[in-house]
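A.B. asks: Read off the chains here:
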Amino acid sequence: MILYDYVLSASCYKVRLMAALLNIPLTLKAVNFHPEREHKSPDMLALNPKGTLPVLVDGHTVMAESTDMLRHLAELKGPDWLGEDDSYWLDVAAQLNATLGLARLHDILSFDADISQVRQDGILQLRQLEERLSEQRIDGMDFLSGATPKIGDIACFPNTALAADGGVSLDPYPAIRLWMRDIRALPGFIEMPGIHRLHELASPAEVSV
Amino acid sequence: MNPKIDNHWYPVAMCSGINAPRETLLLGQKITLGGQHGTFWVCNAEGTNLPVIERYGHLWTSPGQPNRDLFTIPEAEEPGRRLVDCGSIKLKCSPLRAVENFLDIAHFPFVHTDILGAEPHTEVQRYDVKIREQVDEVWATKVKFYQPQAAQSADGGITTDYMYRVAAPTVSVLYKTCPPRPGAWDVITLFVQPLTEEWCEVWPWMALYDDTTPMAELVSFQQMIFMQDRSILESQIPAKLPLDPGMEAPTQADMTSVAYRRWLKKIGYTYGAQVVAA
Chain A
1 MILYDYVLSA SCYKVRLMAA LLNIPLTLKA VNFHPEREHK SPDMLALNPK GTLPVLVDGH
61 TVMAESTDML RHLAELKGPD WLGEDDSYWL DVAAQLNATL GLARLHDILS FDADISQVRQ
121 DGILQLRQLE ERLSEQRIDG MDFLSGATPK IGDIACFPNT ALAADGGVSL DPYPAIRLWM
181 RDIRALPGFI EMPGIHRLHE LASPAEVSV
Chain B
1 MNPKIDNHWY PVAMCSGINA PRETLLLGQK ITLGGQHGTF WVCNAEGTNL PVIERYGHLW
61 TSPGQPNRDL FTIPEAEEPG RRLVDCGSIK LKCSPLRAVE NFLDIAHFPF VHTDILGAEP
121 HTEVQRYDVK IREQVDEVWA TKVKFYQPQA AQSADGGITT DYMYRVAAPT VSVLYKTCPP
181 RPGAWDVITL FVQPLTEEWC EVWPWMALYD DTTPMAELVS FQQMIFMQDR SILESQIPAK
241 LPLDPGMEAP TQADMTSVAY RRWLKKIGYT YGAQVVAA
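Line order of the protein sequences matches chains A and B. Taking the working numbering, the leading residue of the first sequence gets 1, the next gets one more, and so forth. Taking the working numbering, the leading residue of the second sequence gets 1, the next gets one more, and so forth.
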């Protein structure tokens with residue numbers, strides 16, 4: 001499978017992360033999204049007329065929506081990652097991309113945005129996410145729709161974890177931070193710039209006094 | 001107006017990215033820049049034209065009266081190199097903090113894990129640092145560091161040789177081992193545009209011997225590295241770079257940073273700096 005990829009894109013990272021968690025190898029093709037806008041080049045538009053990234057190609061199937069890609073990957077190798085309310089959380093993920101994701105592109109790459117509005121909308125979404133995850137935790141569940149992670153968790157994770165890049169702090173959201181920690185602790189987790197892996201501390205027995 | 005700040009050259013755009021006129025900030029002041037058919041212009045808020053130089057893929061200007069030419073990088077002009085425009089990334093930090101981070105090696109294993117460094121190879125061996133009075137630049141030489149993936153063209157871990165150069169207060173150039181061509185140096189620069197004292201736009205640029213790696217991968221690699229630094233840079237306290245010792249205790253690995261701060265103080269460059277001893 002070939003992923004047309006941009007290293008700083010939260011949406012591309014969703015797909016890289018899902019594939020890594022499912023142990024599905026991807027061939028990455030770097031696209032010069034910034035500064036060259038190569039995703040709008042004739043070759044890329046021929047592949048994906050919408051001119052967006054990521055694009056996933058599996059044989060004759062070309063996918064241009066990251067939600068389709070997550071479903072496709074899970075159907076291939078991780079049916080446990082599919083749940084009844086996937087559509088709801090994939091929709092939340094799309095909203096996070098339109099608010100926190102846009103704020104981030106504004107702050108880093110100078111994209112046009114009504115910055116105070118998208119930050120404010122992003123904060124409202126974070127509060128809803130915090131409420132959901134707090135309730136889940138009270139019920140003994142670590143993830144958005146159960147005790148195990150689903151594609152919706154992976155879809156919502158990147159733009160949430162990168163909120164600070166767009167000038168939105170995650171300090172007020174302890175349940176979100178615990179959830180992010182649980183995702184980062186999943187076997188096979190990979191990082192992206194701005195989202196770090198958990199640092200392994202030496203066990204007390206290994207620390208010499 | 002402070003000639004010790006205004007009389008330097010500053011990067012304000014990537015030449016290949018200039019089309020319609022656009023506004024930006026330089027040292028907290030609004031400027032407008034544009035170009036047509038390969039000639040570029042910059043003017044200040046009053047509409048007065050500012051001097052311009054087009055060099056190393058970028059447009060340079062100065063709000064003052066520069067009393068010397070923009071620095072040169074002779075190695076970058078050697079034939080056969082690929083010149084890589086990396087675009088820009090905005091950082092909410094002092095422009096001087098961005099330069100200082102670029103000069104630092106000790107953070108590689110922790111921030112650029114498994115790329116520019118990896119535990120347990122964390123030691124920075126002793127290296128040489130000098131303020132070269134004749135050219136008024138800071139140079140660090142004989143720097144060596146173990147790197148798992150030193151460049152896009154590197155195949156596996158190598159001990160990389162580095163030289164670091166501060167060519168202007170907001171410009172750093174690094175020279176590092178070129179994996180496909182032993183004996184030559186790859187050139188990677190950090191051109192920093194000070195938007196304000198605590199906000200900057202960084203324009204990385206490279207001149208490499210690498211005929212095989214696709215351009216998009218070279219650019220991605222650099223952008224990945226710079227974005228890994230971002231969260232660290234934006235959380236440093238104090239936000240401005242302290243020029244006097246006090247709050248921050250340097251170690252031997254920080255000799256370049258110590259020289260950089262000392263040099264800024266010597267030349268009176270205080271934009272983005274904390275000058276009162278903490």
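Please keep in mind that the hints were generated in silico from the structure rather than gathered at the bench. There's no promise every hint is true.
Below are the BS3-like pairs computed for lysine-lysine, each with C-alpha atoms no more than 30 Å apart in a straight line [claimed, not checked]: (1) B:K90 <-> A:K50; (2) B:K176 <-> B:K265; (3) A:K77 <-> A:K29; (4) B:K92 <-> B:K266; (5) B:K4 <-> A:K40; (6) A:K29 <-> B:K265; (7) B:K265 <-> B:K90; (8) B:K4 <-> B:K240; (9) B:K176 <-> B:K30; (10) A:K50 <-> A:K29; (11) A:K40 <-> A:K50; (12) B:K90 <-> A:K29.
Since we're looking at a predicted model, the values are computed, not measured.
A.B. asks: Under the criterion that the straight-line Cα-Cα distance not exceed 30 Å, is the pair K265 of chain B, K90 of chain B satisfied?
C.D. replies: Holds, at about 25 Å.
A.B. asks: Take a quick look at whether K40 of chain A and K50 of chain A sit within 30 Å of each other, Cα to Cα.
C.D. replies: 9 Å, holds
A.B. asks: Does the alpha-carbon distance linking K77 of chain A and K29 of chain A stay inside the 30 Å limit?
C.D. replies: 22 Å, holds
A.B. asks: Below or equal to 30 Å on CA atoms is what counts here, so check K176 of chain B against K265 of chain B.
C.D. replies: Given that 30 Å is the threshold and the Cα spacing comes to 28 Å, the pair holds.
A.B. asks: Under the criterion that the straight-line Cα-Cα distance not exceed 30 Å, is the pair K4 of chain B, K40 of chain A satisfied?
C.D. replies: The hint is violated at about 44 Å.
A.B. asks: Check whether the Cα positions of K92 of chain B and K266 of chain B lie no farther apart than 30 Å.
C.D. replies: 26 Å, holds
A.B. asks: Between the alpha carbons of K29 of chain A and K265 of chain B, is the straight-line distance 30 Å or under?
C.D. replies: The given pair, whose Cα atoms are some 46 Å apart, is violated under the 30 Å limit.
A.B. asks: Within 30 Å, alpha carbon to alpha carbon, are K90 of chain B and K50 of chain A?
C.D. replies: 27 Å, holds
A.B. asks: Hey, K176 of chain B versus K30 of chain B, does the alpha-carbon distance stay inside 30 Å?
C.D. replies: 36 Å, violated
A.B. asks: Are K90 of chain B and K29 of chain A close enough, with their CA atoms no more than 30 Å apart?
C.D. replies: 25 Å, holds
A.B. asks: Taken at face value, is the distance from the CA of K240 of chain B to the CA of K4 of chain B at most 30 Å?
C.D. replies: 18 Å, holds
A.B. asks: Would you mind confirming whether the straight-line C-alpha gap from K50 of chain A to K29 of chain A stays at or under 30 Å?
C.D. replies: Given pair K50 of chain A, K29 of chain A holds - Cα atoms ~18 Å apart, limit 30 Å.
Checked against the numbered hints above, the structure violates hints 5, 6 and 9; every other hint is satisfied.
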